[in-house]
Structure formats: C-alpha cells, structure tokens
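**Q** Sequence:
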Amino acid sequence: KRALMRLVGDQSVGLMLLLAGRTAFFDEQVKAAVAAGVKQVVILGAGYDTRGIRLGLPKDVTVFEMDQKDLQEKKKSTLEGIANSGALPVDTSRVRYVPVDFAAGQGVELLKTVPDYDPAAATVFTLEGVAQYIPKEATGRTVLAAAALCGDGSRFIMSYVPQELYEDPHKVGAQPDETKTLLRSVAKAGEPWVSGWYQHDFAAFMRQRGFEVQRDISVAEIVEEYYTPARRHVPARQRIGFERYVIAHKV
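Quick note: the sequence shown uses the working numbering, first residue 1, plus one each step.
Calculated directly from the structure, the hints in this document are not laboratory data.
Be a bit skeptical, because a hint or two may be false.
Computed list of lysine-lysine pairs in DSS-like fashion (alpha-carbon distance at most 30 Å, straight line) [said to hold, decoys possible]:
no.: 1; residue 1: Lys69; residue 2: Lys31
no.: 2; residue 1: Lys74; residue 2: Lys250
no.: 3; residue 1: Lys69; residue 2: Lys39
no.: 4; residue 1: Lys75; residue 2: Lys59
no.: 5; residue 1: Lys59; residue 2: Lys39
no.: 6; residue 1: Lys171; residue 2: Lys75
no.: 7; residue 1: Lys76; residue 2: Lys112
no.: 8; residue 1: Lys188; residue 2: Lys75
no.: 9; residue 1: Lys112; residue 2: Lys136
no.: 10; residue 1: Lys188; residue 2: Lys74
no.: 11; residue 1: Lys74; residue 2: Lys31
no.: 12; residue 1: Lys112; residue 2: Lys74
no.: 13; residue 1: Lys171; residue 2: Lys112
no.: 14; residue 1: Lys76; residue 2: Lys39
no.: 15; residue 1: Lys250; residue 2: Lys39
Cβ pair distances, simulated, as ranges [what the hints assert, rightly or not]:
no.: 16; residue 1: Gln68; residue 2: Thr23; range: 18 to 24 Å
no.: 17; residue 1: Pro135; residue 2: Leu19; range: 20 to 26 Å
no.: 18; residue 1: Glu224; residue 2: Pro119; range: 25 to 31 Å
no.: 19; residue 1: His170; residue 2: Ala36; range: 46 to 52 Å
no.: 20; residue 1: Tyr48; residue 2: Arg184; range: 24 to 30 Å
no.: 21; residue 1: Asp201; residue 2: His249; range: 15 to 21 Å
no.: 22; residue 1: Arg237; residue 2: Glu212; range: 21 to 27 Å
no.: 23; residue 1: Glu224; residue 2: Thr113; range: 27 to 33 Å
no.: 24; residue 1: Arg232; residue 2: Thr78; range: 28 to 34 Å
no.: 25; residue 1: Ala220; residue 2: Lys112; range: 36 to 42 Å
no.: 26; residue 1: Ser93; residue 2: Arg231; range: 35 to 41 Å
no.: 27; residue 1: Arg207; residue 2: Ala24; range: 42 to 48 Å
no.: 28; residue 1: Ser185; residue 2: Ala230; range: 26 to 32 Å
no.: 29; residue 1: Gly105; residue 2: Glu224; range: 36 to 42 Å
Think of the CB as a built atom: it goes at the ideal place given N, C-alpha and C, for glycine as much as any other residue.
All chains should be built: construct the whole structure from the sequences, respecting the hints.
**A** This is how it looks when you write it as structure tokens:
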C-alpha cells in the first residue's frame, strides 16, 4: 500500500477518493429528493452515468438524461449488450434520452420538447463534475433555465471547484506543483478547467438564478460523512479540496 501511495501520490489518491465520495453524495441526494416526492430526475451532461438504472428508483419516477447524441447512442448500445449477455439486469424503462448539443448553445430548455417532461412538477437536477469545464455564464444559463422549467419542491445538486484551488492550492489541502500538473493535464487533453467560485459568491450566484443553497460541503466533510462511518481512514493529506458539493432548493 505504501509503495502504491509513493507511485501515484497523495493528490492522485485524493482525487480517486473524491470521485467515489462524490458519487455516494449525489446518489444519496437523488434518493432523498425522490423520497420527498420528486418524480422527475434530470441528469445534465449524463455521460455514462447509470443512476437511472442502478438506484432502483420507483417505477413512477422518470429519469431524463441530457448529453450529446453520439455519446448517448454508444451508451445505449453498451447497455443493450450487457442486457443481452445476461451479465447484469438492465432496466432502462424509466430513462428518457434527450440529445443536446451544448457546444451549439442548446441546453435545459430542450426539455420543453420532451412529451414525458412536466415543467410544473417537482424535479431534481444534477450537474456533477461539469461546472469547472464550462464558463460561469453557461452554468448560470443552465441553472436559470432549470428554475423556469420545474415546480415547487425542486432541487439542484451540483459540484464546483473552489476558486482557492487556482489561486492558493494550500488553502484546500493541495500541493501547488501537483495542482499545476493536474490543470496542465486536463488542458492538454482538450478539457481545461475554466471556472471556480468562492463559497459565498456561489450562494449568491444560485440565489440570483432561482435556487437557495441548503448545504455547500467540502471534500473533508464528504470524508466524515461517508468514509469515517465505514471505518475507512483518510489522512488529511489526501482530503484535497478539488471540489465542493451543493444542494439547493427552488425559491
């Protein structure tokens, strides 16, 4: 284990722990919204997300996945292959695929064209691991459009990168040199991180667009909520604040 840590580095291990904790947080918040009566789940930039399948949501809950059409076709083909192989049960009956070209300026408003979507119903929106890759203006338009296309009791769950990561990585437990390497790597891959917020600014950002932040938690808090109860010790040096996680309710 120590050899592995030396090989990949604490920051890389911290990133892997972050991703697992983030998944657990989003899963829990989607299930909590559904338990509170929400019948629509909208996954923005869904990618290969499988919440609509693996969470065992009630039959009267509909999941709308929004992403690029070519990616959705690959995903559907992969899921069909898994189902046909009998390796795992795959029930996509509650999932509705909504093709969207984000690069062309399309967005949440396309939900208005989906027959099964009810813009007056309570809805939970998720935007996971996306905000750092797009301009703040684009995130703002997405949140504002979502607020106009959902009813009372709706929620918006998302992650964002703290501005401190760019300006003073030590404040979020990151090493400057390793952070620079990370940022260079994602930029070289053609997916640069371009956005970040201070916590107090983010609350105002959401409020101005129709959602009131209820919780805004750090990676360290994710560790305490998910890893510590499972008796999984995560050293402070691996609790790196690459992201923060937010639950906001429609106002």
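**Q** Each hint should be assessed against the structure and marked as holding or not.
**A** Status of each hint after checking the structure:
Annotation: proposed proximity of Lys69 to Lys31 holds, straight-line Cα distance about 27 Å (limit 30 Å). Taking the CA atoms of Lys74 and Lys250, the gap is about 34 Å. The hint is violated against a cut of 30 Å. Distance check on the hinted pair: Lys69 and Lys39 sit about 24 Å apart at the alpha-carbon level, within 30 Å; holds. A distance of roughly 22 Å separates the Cα atoms of Lys75 and Lys59; the hinted pair therefore holds under the 30 Å criterion.
For the given pair, Lys59 sits about 9 Å from Lys39 by alpha-carbon distance, which is consistent with the 30 Å threshold. A threshold of 30 Å between alpha carbons decides the hint, and for Lys171 with Lys75 the separation of about 38 Å lies outside it, so the pair is violated. Between the alpha carbons of Lys76 and Lys112 the distance comes to roughly 23 Å, so the proposed pair stays at or under 30 Å and holds. For the hint pairing Lys188 with Lys75, the CA-to-CA distance comes to about 25 Å; that is within 30 Å, so the pair holds.
Taken as a hint, the Lys112 and Lys136 pair is honoured in the structure, with Cα atoms around 23 Å apart against an allowance of 30 Å. Between the alpha carbons of Lys188 and Lys74 the distance comes to roughly 25 Å, so the proposed pair stays at or under 30 Å and holds. Between Lys74 and Lys31 the CA atoms are separated by roughly 27 Å; this keeps the pair inside 30 Å, and the hint holds. The suggested pairing of Lys112 with Lys74 holds, with an alpha-carbon distance near 25 Å, which does not exceed 30 Å.
Between Lys171 and Lys112, the direct Cα distance comes to roughly 42 Å. Violation of the 30 Å bound is thereby established for this hinted pair. In summary, the hint linking Lys76 to Lys39 is supported, as the alpha carbons are separated by about 23 Å, within the 30 Å threshold. Our distance criterion of 30 Å between C-alpha atoms is met by Lys250 and Lys39, whose separation comes to about 15 Å. A beta carbon spacing of about 21 Å between Gln68 and Thr23 agrees with the range 18 to 24 Å that was offered as a hint.
The supplied range of 20 to 26 Å is met by Pro135 and Leu19, whose beta-carbon atoms lie about 23 Å from each other. Our hint of 25 to 31 Å for Glu224 and Pro119 is violated, since their Cβ atoms are close to 37 Å apart. Under the hint 46 to 52 Å, the C-beta atoms of His170 and Ala36, about 39 Å apart, miss the expected range. Against the hinted window of 24 to 30 Å, the Cβ-Cβ separation of Tyr48 and Arg184 comes to about 25 Å, which satisfies the hint.
A beta carbon spacing of about 19 Å between Asp201 and His249 agrees with the range 15 to 21 Å that was offered as a hint. For Arg237 and Glu212, the hinted distance range of 21 to 27 Å is not satisfied, since their beta carbons lie about 34 Å from each other. As the Cβ distance of Glu224 to Thr113 is approximately 42 Å, the hint placing it in 27 to 33 Å is violated. In this structure the supplied range 28 to 34 Å holds for Arg232 paired with Thr78, their Cβ-Cβ distance being about 30 Å.
Between Ala220 and Lys112 the beta carbon distance is about 40 Å. The supplied range of 36 to 42 Å therefore holds. About 38 Å separates the C-beta atoms of Ser93 and Arg231, a value consistent with the hinted range of 35 to 41 Å. At about 27 Å, the CB distance of Arg207 to Ala24 disagrees with the hint of 42 to 48 Å. At roughly 30 Å, the beta carbons of Ser185 and Ala230 sit within the given window of 26 to 32 Å.
For the pair Gly105 and Glu224, the beta carbons lie near 40 Å from each other, so the given range of 36 to 42 Å is met.
Going through the hint list in order, the structure does not satisfy hints 2, 6, 13, 18, 19, 22, 23, 27.
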